[in-house]
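Generate the whole structure from the sequences, applying the supplied hints.
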Amino acid sequence: MKAATLTIAGRTFPSRLIVGTGKYPSLAVMREAIEASGAALVTVAVRRVDLSRRNGESILDVLSKAKTAVLPNTAGCYNAEEAVRTARLAREVGLSELIKLEVIGDERTLFPDNEGLLAATRTLVKEGFVVLPYTNDDLVVAKRLRDAGAAAIMPLAAPIGSGLGLQNPVTLRILLEEIRDVPVIVDAGVGTASDAAIVMEMGADGVLMNTGIAGSPDPVKMARAMRLAVESGRLAFEAGRIPRKLHAAASSPPEGQIS
Amino acid sequence: MTIRLNGRDQEAPEGTTVLSLLETAGLQPGRVAVELNGSVVPKTGFHRALLREGDVMEVVHFVGGG
Chain A
1 MKAATLTIAG
11 RTFPSRLIVG
21 TGKYPSLAVM
31 REAIEASGAA
41 LVTVAVRRVD
51 LSRRNGESIL
61 DVLSKAKTAV
71 LPNTAGCYNA
81 EEAVRTARLA
91 REVGLSELIK
101 LEVIGDERTL
111 FPDNEGLLAA
121 TRTLVKEGFV
131 VLPYTNDDLV
141 VAKRLRDAGA
151 AAIMPLAAPI
161 GSGLGLQNPV
171 TLRILLEEIR
181 DVPVIVDAGV
191 GTASDAAIVM
201 EMGADGVLMN
211 TGIAGSPDPV
221 KMARAMRLAV
231 ESGRLAFEAG
241 RIPRKLHAAA
251 SSPPEGQIS
Chain B
1 MTIRLNGRDQ
11 EAPEGTTVLS
21 LLETAGLQPG
31 RVAVELNGSV
41 VPKTGFHRAL
51 LREGDVMEVV
61 HFVGGG
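These protein sequences, in sequence, are chains A and B. Read the first sequence against my numbering and you will find it ends at 259, with the numbers running on by one and no gaps. Read the second sequence against my numbering and you will find it ends at 66, with the numbers running on by one and no gaps.
In case anyone wonders, no lab produced these hints; they're calculated from the structure. Among these hints, one or two may not hold up.
[What the hints assert, rightly or not] The calculated DSSO-like cross-link candidates involving lysine-lysine, where the alpha carbons are at most 27 Å apart (straight line), are:
1. Lys126/A <-> Lys143/A
2. Lys23/A <-> Lys221/A
3. Lys65/A <-> Lys221/A
4. Lys65/A <-> Lys43/B
5. Lys67/A <-> Lys23/A
6. Lys43/B <-> Lys126/A
7. Lys221/A <-> Lys67/A
8. Lys23/A <-> Lys65/A
9. Lys43/B <-> Lys67/A
[Stated by the list, open to error] Cβ-to-Cβ under 8 Å is the rule here; a few derived chain B residues that face chain A:
10. Asn6
11. Val59
12. Gly65
13. Gly66
Note that the Cβ used here is the ideal one computed from N, Cα and C, for glycine as well.
Written as structure tokens, this is what we have:
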């Protein structure tokens with residue numbers, strides 16, 4: 001996998017950043033932010049059409065102009081059945097097998113329901129979906145999802161929309177060490193550029209974020225910051241950091257000083 | 001006849017198909033997905049899917065989300 005590209009189930013995207021499309025003041029700002037982020041894959045939600053009013057420009061029209069691939073989610077689903085139903089409809093709207101699978105287990109934290117997530121993953125994989133499950137940073141669950149055929153593992157850094165940044169570096173590090181055969185994409189909790197850089201420096205294959213960009217007072221500028229953070233974090237990971245030492249080590253030669 | 005459309009009762013003339021209902025509502029069939037009585041209706045079947053009294057239909061599309 002090259003520094004700038006992310007491969008999911010044989011499909012290569014020219015960016016390791018995946019962005020959401022929620023919470024923008026307008027489709028125009030959303031498009032500008034997506035373009036500034038460099039993301040080639042963007043998430044959308046599936047909802048009922050409001051039949052009581054004329055529907056304006058479709059988000060799909062805007063995304064096709066921005067030339068991004070679409071990753072529908074099952075946000076708001078609280079059990080496997082609802083998530084599977086939503087995924088099937090999403091496939092019909094977008095005519096793509098990609099699905100960001102969310103099965104939520106708790107309303108306040110939006111933490112995933114592991115049991116439902118695993119059940120829905122199994123069903124959708126059987127039906128030919130490319131399943132990207134949003135999960136917590138639990139290695140055992142991640143292994144089960146991978147073994148069930150998930151195309152990537154998407155652990156949270158912190159609760160969705162919290163902007164707290166990575167809360168459990170040790171559990172993420174363990175997960176990154178153990179899950180080597182599918183990409184690990186950190187999904188949720190990124191609040192600013194350094195949060196994204198930190199998980200990329202640890203070796204995450206990608207980052208997915210929405211509120212971190214859309215919730216900024218200047219989403220377009222933040223989108224560019226996130227793009228750079230993901231790229232620089234990845235480069236630092238590939239280059240390799242120096243070992244941490246307690247005491248100083250001079251950078252300039254000790255010999256030849258004037259006395 | 002009355003059908004249940006996105007959680008609301010809706011009157012529709014006999015002979016209404018999924019496609020004609022979407023067109024009446026001003027929706028582009030390519031931008032939505034339809035579920036009829038719990039099963040997804042493929043886009044290629046919109047023009048053949050005849051609605052009947054009491055049918056439960058869901059019409060969804062993509063919106064902004066994470």
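Hints versus structure:
1. Under the criterion of a C-alpha separation no larger than 27 Å, the hint pairing Lys126/A with Lys143/A is consistent with the structure, at around 18 Å.
2. Between Lys23/A and Lys221/A, the direct Cα distance comes to roughly 16 Å. Compliance with the 27 Å bound is thereby established for this hinted pair.
3. Between Lys65/A and Lys221/A the alpha-carbon distance is near 20 Å, which keeps this suggested pair within the 27 Å criterion.
4. Simply put, Lys65/A and Lys43/B have alpha-carbon atoms about 23 Å apart, close enough for the 27 Å limit, and the pair holds.
5. For the hint pairing Lys67/A with Lys23/A, the CA-to-CA distance comes to about 20 Å; that is within 27 Å, so the pair holds.
6. With a C-alpha separation of about 22 Å, the suggested pairing of Lys43/B with Lys126/A holds against the 27 Å cut-off.
7. Between the alpha carbons of Lys221/A and Lys67/A the distance comes to roughly 20 Å, so the proposed pair stays at or under 27 Å and holds.
8. With a C-alpha separation of about 20 Å, the suggested pair Lys23/A and Lys65/A falls inside the 27 Å cut-off, and the hint holds.
9. Annotation: proposed proximity of Lys43/B to Lys67/A holds, straight-line Cα distance about 23 Å (limit 27 Å).
10. Taking 8 Å as the C-beta contact cut-off toward chain A, the hint placing Asn6/B at the interface holds, the least distance being around 5 Å.
11. A cut of 8 Å between beta carbons decides the hint on Val59/B: the least distance to chain A is about 5 Å, and the hint holds.
12. Hint on Gly65/B holds. Least Cβ distance to chain A is approximately 3 Å, under the 8 Å limit.
13. Look at Gly66/B: its Cβ gets to within about 3 Å of chain A, closer than 8 Å, so that hint holds up.
Checked against the numbered hints given earlier, the structure satisfies every one of them.
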